[in-house]
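Kindly generate the complete structure, drawing on both the sequences and the hints.
Chain by chain, the residues run as shown.
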Amino acid sequence: MSTPPSLLYSVILPTYNERENLPLIFFMLNETFESHNLKYEVVVVDDSSPDGTLEVAQALQKSYGASKIQIVSRKGKLGLGTAYIAGLKAAKGDRIVLMDADLSHHPKFIPSMIQVMDNNPNNNNQKIHIVTGTRYKSGGGVAGWDWYRKLTSRTANFLADFLLNPGVSDLTGSFRLYDRASIEQILPQVQSKGYAFQMEIIVRARKQNMIIQEVPITFVDRIYGQSKLGPREIILYLQGLTKLFFTT
Amino acid sequence: MSGLGLLRYQIFLVHGVLFFSIWHASLSNMDKIVELSPFASNVTTLLVWYAPVLAIGMLGIYALVTILYGVITFEDCPDAVAEIDRQVKEARIELKKRGIKL
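If you read the protein sequences in the order shown, they are chains A and B.
The first sequence begins at 270 in the numbering used here and counts up one residue at a time.
The second sequence begins at 25 in the numbering used here and counts up one residue at a time.
For lysine-lysine, the following DSSO-like pairs were computed, each having C-alpha atoms within a straight-line distance of at most 30 Å:
1. K377(A) - K121(B)
2. K337(A) - K120(B)
3. K113(B) - K377(A)
4. K346(A) - K125(B)
5. K377(A) - K120(B)
6. K121(B) - K331(A)
Simulated from the structure, these hints should not be mistaken for laboratory data.
Right, here's the structure in full:
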């Protein structure tokens, strides 16, 4: 690994009712970063979860130390975009990891992302601003999806790809490594919600000539059984996509 | 496409206008096209007249093929579930040691 040893990585985890998953994902993040000798911190942004997520975050902080885990507590359920912005404000890292806190993303892919960010293959040593995880490329994939879910995912991605031409294979993915300056520049411009939020980040980054690379990742869908993909989600997605089509 | 600073819908509009300009010009010059075309005149005429429909049809076929191919080649990772479960067990042991209530 050619990372300069002094780089600090901030993992921003927005949480809402992740009382069970937070300690688990934190443990896995700690293992990953420690075993690769990387400096890190986790920034938990909790939107007043009623299930005690804040308390478990504080317990983790007490046990592992305040340098490893920061807590930003917000007064209500204020949404993902502002959660990331709040987390970014508190984060001290040179590089930022945004990912899901519900164990659908495995931290083990973070070192691969870091490796890609460091080993820029371009001859002129061009900086890589974003490394995004993709479920669609060989080496990546999903666990727990049936044909229907795969079909909706591919169709949604095709549509977004055709309309927005983002230059990445997985537009709605939410597991990414950002150079700090890049995410700080892009995030305030993003206005979408939901799936479109993740798409807008990539689309705007591309428009501003940022270099984006991809790394295959696995997505473990543990809550598919409780079906999050009804007609409402689909309509919201199409609305978000349409808005991006006309505003970017 | 970032160089021109066009929005996505504007790029589509440009392509659309271009396509329809060429189509309109073709319709206005049908005789010349039939003359140059390797196909029979009635076939050529049909092709030109229905060009927009054909274009959309081909796009639709491309979409279908791409999506179906994507679904068929969508990799499943059952090992990932086992791996997470294993690590969750590890995590619980360590967290219990640290006094974190799960």
